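Engineer: Chains as they are written, first to last, in the working numbering: chain A, 1 to 243; chain B, 244 to 457; chain C, 458 to 699.
Calculated from the structure, these hints are not laboratory results. Since the model is a prediction, treat every value here as computed from it, not as a measurement. Any given hint could be a false lead.
To be verified - Label pairs and their computed distance ranges (CB to CB):
| no. | chain 1 | residue 1 | chain 2 | residue 2 | range |
| --- | --- | --- | --- | --- | --- |
| 1 | A | Val210 | C | Ala675 | 32 to 42 Å |
| 2 | B | Ala379 | C | Pro465 | 32 to 42 Å |
| 3 | A | Leu241 | B | Thr252 | 29 to 39 Å |
Said to hold, decoys possible - Examples of chain C residues lying across from chain B (beta carbon under 8 Å, computed):
| no. | residue |
| --- | --- |
| 4 | Thr468 |
| 5 | Gln494 |
| 6 | Pro563 |
| 7 | Ala675 |
Cβ coordinates follow ideal geometry from the N, Cα and C atoms, glycine included.
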Amino acid sequence: MWQFFHKLGSPKWFYGIAGRLMPWFLVPGLLLLLTGIVWGLAFAPPDYLQGNSYRIIYIHVPTAFLAQACYVMMAAAGLVTLVWRLKLADVFVKAVAPVGAVVTFLALFTGSVWGKPTWGTWWIWDARLTSMLILLFLYFGVIALGNAIADEKSAARAVAVLVLVGVVNIPIIKYSVEWWNTLHQPATLKLTEKPSMPPEMWVPLVLSIVGLYLLFGWLACLRMQTEILHRERRARWVRELVE
Amino acid sequence: MSFPLLQATSLSCERDDRILFTGVDLAVEAGSLLRVEGPNGAGKTTLLRILAGLHAGYEGEILWCGEPIRRAREHFLRNLLYIGHRPGIKPLLTPLENLGALLARNPGMTRDQQEEALEAVSLLPFAHIPCHHLSAGQQRRVALARLYLSDEPLWILDEAFTAIDRAGVESLERLLEKRMAAGGAIILTTHHRLSIQGAQSLDLQIHAGEALSV
Amino acid sequence: MSAMQKLPRLTPKQESVPVWPACWAVLRRDLLSSLRQRQDLFNPLVFFVMVVSLFPLGVSPEKAFLSEAGAGILWVAALLSTLLSLDHLFRHDFEEGVLEQLLLQPQPLYLIVLTKVFAHWLVTGVPLILMTPLLGLMLQLDGNSIACLCLTLLLGTPVLSFIGAIGAALTLGLRSAGILLSLLVIPLYIPVLIFGTGTVMAAGQGLPITSHLALLGALLVLALTCAPFATAAALRISVSNS
């Protein structure tokens, strides 16, 4: 019995730490992201080939980066869940999976918006967009499996297995989709073919990428706090906190 | 080397937001029988599944011959025979085929021995009839036939006597006594009245509605 | 009851147990069960044929379209039909308590899972491959493409079974397991589908296909070595949760 309460120590500890960290994620994150986006959208020079439509990369690229990084982070946490049975790792996966799905959706959406002026159509089976779509499927699977299993511990471990299987598959999927793409539409204009970007173009991009990552950190902390409160709802410290 | 075969200290298990049991200590020595008792829903089956290594959601420690069960897993499984609620019988296969498949974990059983075991549970006339044509009790007997051929020193039997008639239960009781005399250890749950000398029992109380807080 | 006449002293055994007889027993039991439940064998095959016949009806019976899309149609149909059959892979064993016994065998679960998936492929994947030449003819594929298609299916359908087994193990015992299983597994099937159909396309254009087949082979080796571990872990979780 006491052992059980002893183990609650770590979520409680994290709850406190997260609370103190969150402002440090939120404020610089917002600043960087806003600077990056405003700079990118309003002040960066237009692209010689795509004109102004390329500016959506200041949203598309950060979200696309984060969409993949988030899955890899979930896989790392999944490994921790399976090997060390750390409760926090599983809280992280559960808290972050929907965020990852939303970010992936944003990347897909901005990519397809970008497609309209570039290719003249809302959707094109471009290699990047297609692998992003499959990544979204993977996120859906993780969320669905987590919701389908009632028992918390079993759900955590099952989701961890699935995420690990998924992360092994991501490079294979990416490679196969690129290979498939060259098979079907050789050498059209690619979203990412930017041979050399001037600094006025890539600095705001880097700013918005870092900003989005920080905001992600903030959101992850917030959602993890909520999840911890829910899971530890019967523990004394949560009751005291709530009252 | 005076370790009990199986030892568990301060086992606790919580399922679906309620405590099933806490602070369960038990030790099963060679030659002893432990009967786990308690009302329905007290967690008898879960306890047995935890001891067999089938259920991972528990706190506490389980030792096999003095070694943590997670580390001694292969050795433990080699020496464990578990029969659960669901007997592990394929309905489309005959008793003989089922028995053969169940015994494949430690090979070397001849067909004659398998037929003898079926004889012991009075199923020999049905040896070649698919199990779904047999009654529930007969299907369970197929699983129980393994007991007559087992060389595993530890048995965990969850409601093994369900649907078995009186003569069958008596014959099994004699087998259990014989095993105990030979140094085998048995953990079981049953609703039957057992007449076995030297059986110990462990009572699980029901923790209905008890919240998990201080 | 001579089986219980004399009982030698029962002590814990130290020696390890042989592996192959146990695997052989698993294979034999699964194959026997499948052969006695012929309907389960037959249904995915009928499904395969029906899905294939939807395309000429739903899209176009023109020879040009069919010979262009035929390989893809057959691959997608094979994929869906494998998906449909995955439900049986562990469900019966789970409900009958056979799975518990498998988990408690002293032999490595990896090998037992490998054997079970192999047995599953023998009764679902192989019939699909045998059926493919006939359907290929109906879809106006030429002989070369049909041969290549069979070859890719021979390499690819085991991968489908192995990856699918992970999903089947994860969703074991859940309500609405069927649709959830598809949701988990389909994204993981995409590379197999791409390489499978890509190979047939290359063959149709008269290109060499050895490197393509090597890719499929690599996927098979990867699935063979990794997937049973994931499946074994998932089975432990699902049985523990039951």
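Engineer: Please test the hint of 29 to 39 Å on the beta carbon pair from leucine 241 of chain A and threonine 252 of chain B.
Structural biologist: Given about 33 Å between the Cβ atoms, the range holds.
Engineer: Would the hint on glutamine 494 of chain C stand, with a C-beta cut-off of 8 Å toward chain B?
Structural biologist: Hint on glutamine 494 of chain C: holds, closest Cβ of chain B at ~6 Å, below 8 Å.
Engineer: 32 to 42 Å was suggested as the range; check whether the CB atoms of valine 210 of chain A and alanine 675 of chain C agree with it.
Structural biologist: Holds, since valine 210 of chain A and alanine 675 of chain C (Cβ atoms, about 37 Å apart) stay within the stated range.
Engineer: Do the Cβ positions of alanine 379 of chain B and proline 465 of chain C conform to the proposed distance bound of 32 to 42 Å?
Structural biologist: The hint (32 to 42 Å, Cβ to Cβ) holds, given that alanine 379 of chain B and proline 465 of chain C are roughly 33 Å apart.
Engineer: With chain B as the partner, please determine if alanine 675 of chain C meets the hint condition of a C-beta pair closer than 8 Å.
Structural biologist: violated (32 Å)
Engineer: Taking the least C-beta to C-beta distance, is proline 563 of chain C closer than 8 Å to chain B?
Structural biologist: holds (4 Å)
Engineer: Using 8 Å as the Cβ threshold, decide whether threonine 468 of chain C counts as touching chain B.
Structural biologist: It holds, given that the least Cβ distance between threonine 468 of chain C and chain B is near 6 Å, below 8 Å.
Going through the hint list in order, the structure does not satisfy hint 7, though it satisfies all others.
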